[in-house]
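J.: For reference, the chains in residue letters:
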Amino acid sequence: MIDAPSSTWFTASPHWYWLIVVYFVLGALAGGTYFLSAMIDLTGRSSDRRLARLGYYITLPLLLVIGVVLIVDLSRPDRFWHLFIENHTLRPMFKYWVPMSTGSWAVPLFGFFATLSFVATIAEHHRPHWRFARRLRPPALLGTLVAVLGAILALHVTGYTGVMLSVLNRPVWSDTPLFGMLFIVSAVTMSAALLALGARWLRWQSPAVAALNRIWMWLLVVQILVLVALFISLGPAVRGWLNVWGIVLAIGITIGIVLPLIAFRRRRPQGKGGLSVAAALVLAGGFLVRTAIVFVPVVNAP
Amino acid sequence: MAEAMGFFTDPTVCIGCKACEVACKQWNQLPALDDARKTLSGDSYDNTRKLDGTHWRHVKFIEQIDEDRRDGRWTMLSDVCKHCVQAGCLEVCPTNAIIRTEFDTVVIQSDTCNGCKACIAACPFGVIDINPVSNTAQKCTLCYDRLQAGMEPACSQACPTDSIVFGPVRELKERAARRVDQLHAAGEKRAVLYGADEKMLGGLNAFFLLVDRPEVYGLPPDPKMPSRHLVPGTLFTMLGALIVGLVSIFNFRDRRADEAGRD
Numbered sequence: 013m014i015d016a017p018s019s020t021w022f023t024a025s026p027h028w029y030w031l032i033v034v035y036f037v038l039g040a041l042a043g044g045t046y047f048l049s050a051m052i053d054l055t056g057r058s059s060d061r062r063l064a065r066l067g068y069y070i071t072l073p074l075l076l077v078i079g080v081v082l083i084v085d086l087s088r089p090d091r092f093w094h095l096f097i098e099n100h101t102l103r104p105m106f107k108y109w110v111p112m113s114t115g116s117w118a119v120p121l122f123g124f125f126a127t128l129s130f131v132a133t134i135a136e137h138h139r140p141h142w143r144f145a146r147r148l149r150p151p152a153l154l155g156t157l158v159a160v161l162g163a164i165l166a167l168h169v170t171g172y173t174g175v176m177l178s179v180l181n182r183p184v185w186s187d188t189p190l191f192g193m194l195f196i197v198s199a200v201t202m203s204a205a206l207l208a209l210g211a212r213w214l215r216w217q218s219p220a221v222a223a224l225n226r227i228w229m230w231l232l233v234v235q236i237l238v239l240v241a242l243f244i245s246l247g248p249a250v251r252g253w254l255n256v257w258g259i260v261l262a263i264g265i266t267i268g269i270v271l272p273l274i275a276f277r278r279r280r281p282q283g284k285g286g287l288s289v290a291a292a293l294v295l296a297g298g299f300l301v302r303t304a305i306v307f308v309p310v311v312n313a314p
Numbered sequence: 059m060a061e062a063m064g065f066f067t068d069p070t071v072c073i074g075c076k077a078c079e080v081a082c083k084q085w086n087q088l089p090a091l092d093d094a095r096k097t098l099s100g101d102s103y104d105n106t107r108k109l110d111g112t113h114w115r116h117v118k119f120i121e122q123i124d125e126d127r128r129d130g131r132w133t134m135l136s137d138v139c140k141h142c143v144q145a146g147c148l149e150v151c152p153t154n155a156i157i158r159t160e161f162d163t164v165v166i167q168s169d170t171c172n173g174c175k176a177c178i179a180a181c182p183f184g185v186i187d188i189n190p191v192s193n194t195a196q197k198c199t200l201c202y203d204r205l206q207a208g209m210e211p212a213c214s215q216a217c218p219t220d221s222i223v224f225g226p227v228r229e230l231k232e233r234a235a236r237r238v239d240q241l242h243a244a245g246e247k248r249a250v251l252y253g254a255d256e257k258m259l260g261g262l263n264a265f266f267l268l269v270d271r272p273e274v275y276g277l278p279p280d281p282k283m284p285s286r287h288l289v290p291g292t293l294f295t296m297l298g299a300l301i302v303g304l305v306s307i308f309n310f311r312d313r314r315a316d317e318a319g320r321d
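The listed protein sequences derive, respectively, from chains A and B.
Under the numbering used here, the final residue of the first sequence carries the number 314; numbering is consecutive throughout.
Under the numbering used here, the final residue of the second sequence carries the number 321; numbering is consecutive throughout.
Keep in mind that a hint or two might mislead.
As the list claims (entries may be wrong) - Covered stretches of chain A (in silico footprint by chain B; criterion: 3 or more residues with CB under 8 Å from a CB of chain B, positions within the stretch not fixed): (1) 190–196; (2) 226–240.
What the hints assert, rightly or not - Derived lysine to aspartate or glutamate pairs resembling EDC-like cross-links, with alpha carbons at most 20 Å apart: (3) K83/B / D104/B; (4) K247/B / D270/B; (5) K83/B / E210/B; (6) K108/B / E79/B; (7) K282/B / D15/A; (8) K107/A / E149/B.
Think of the hints as simulated: they come from the structure by calculation, not from any bench.
Beta carbons are placed, not taken as given, at the ideal position from N, Cα and C, and that holds for glycine.
Using the sequences plus the hints, can you model the full thing?
T.: Encoded structure:
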């Protein structure tokens, strides 16, 4: 403690462990898959709608799991509604300057838009006579509105968690303002890899799948830049990584960023298997990076 | 609003009797749980170890013994919530469970807290933790109930050496300044006040006299508000959103070009 590199070393642990890791990973995938699906819908052609449909089908179940995880992680789950309504006054509870408060509202709001897109997808796929529901997806005007608002909320859900870490005073977390940026970039990277893997599993081939592979490759390069900036911005607090979680982070970066980039560069024109392995590594690496970030303050406690 | 009330803690007269800890536990009916620990800490006479949800006062024992063991100093400091004027815990609480009282103290309303634990991490001093009985975050209330009844907090009333002094913060600062002068005159030139001025989180309503670096007492030398990264963190995140948006748009547009070429 005498030679602590930062004042954050004097703070206490909020006891956020595996449930938070699960939330960070599933939240990233839920937000990222919706965002990419909306982008496919907003920029694409009818032949790609099944790929966007896959994304919408993934998003909603993940959000349902996230809701349960977030409530269970509270020490008093029976009071989860205090995040939305002030219990003494019964007025709406919202603090725009508190990421946890904005996130508490963003998750169910995002869930609302994800549900609309989910219903629209079901209507298009299985219930063609649900005419109004089909209008909830682009190119219908209402569907375009749903996709745009949903995509904005999806990005908020993927990014606010990182901002929340930066404003919680814990070692490493609060020694840089860049975790939000890292989380939003890695969330879309992981989600592009997940959708590409799903398309591969379903044996779908289209320019949109190739675009997804290019997206995760480009975003891995961005992630490297963000990570370099993050380490520089940590200053003396970078010492906080000199422990087992630093090793986990290094492994996560190696298998989740470096190896997939090498695989992408060495891919054969018709060889899809290598890209699938690379996409799976992106997901595994993303999980390890988030795990290391959640746990790193614990070993730097006083 | 009533006058700001607080504590001035002077470790130079603390004898480590822990009467403050006992009085705090007794008045606030805090359980004698110790996280089911069955071993002694091995850290001098300190077996409380830290402030948490059931220990709202904690007497730290600091042993500074020379390597040749010819000389040494044994210092005690009764640590407590600082009731910061700019309180990080209050700032991040998403349920308004943490309030500022009419005495300018910071109190967690146990019936509102849902145990999200954000305040635990946000406190620059590591004061707050979950009380395993109520399953809510808890800390020193500066005996809000006693203050409302015109009484002195239990810990300062129990302190036999006036190491913990309770009163209006303005008067405490004058008293603390006189004590520092007294120590300087007696040759203890290292005596300084910690948190008495507004530079530290707008001022700590529970402030300390230290005769060594803050880190020696387990106190951060420059505690910061958790919100310091809010604006830059948000801006960088928006930049990240812009980047993923552009990367997605360019690649999906490339797809349309591919298709057009193929058609």
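J.: So, for every hint listed, does it hold in this structure?
T.: Here is how each hint holds up against the structure:
1. 190–196: holds (count 7)
2. 226–240: It holds: at least three residues are needed, and the segment 226–240 of chain A offers 6 whose Cβ sits within less than 8 Å of chain B.
3. K83/B / D104/B: holds (16 Å)
4. K247/B / D270/B: With Cα atoms ~10 Å apart, K247/B and D270/B stay inside 20 Å; holds.
5. K83/B / E210/B: With Cα atoms ~15 Å apart, K83/B and E210/B stay inside 20 Å; holds.
6. K108/B / E79/B: holds (11 Å)
7. K282/B / D15/A: Holds, at about 17 Å.
8. K107/A / E149/B: With a Cα-Cα distance of about 9 Å, the restraint between K107/A and E149/B holds, given a limit of 20 Å.
The structure fails none of the hints (numbered hints given earlier).
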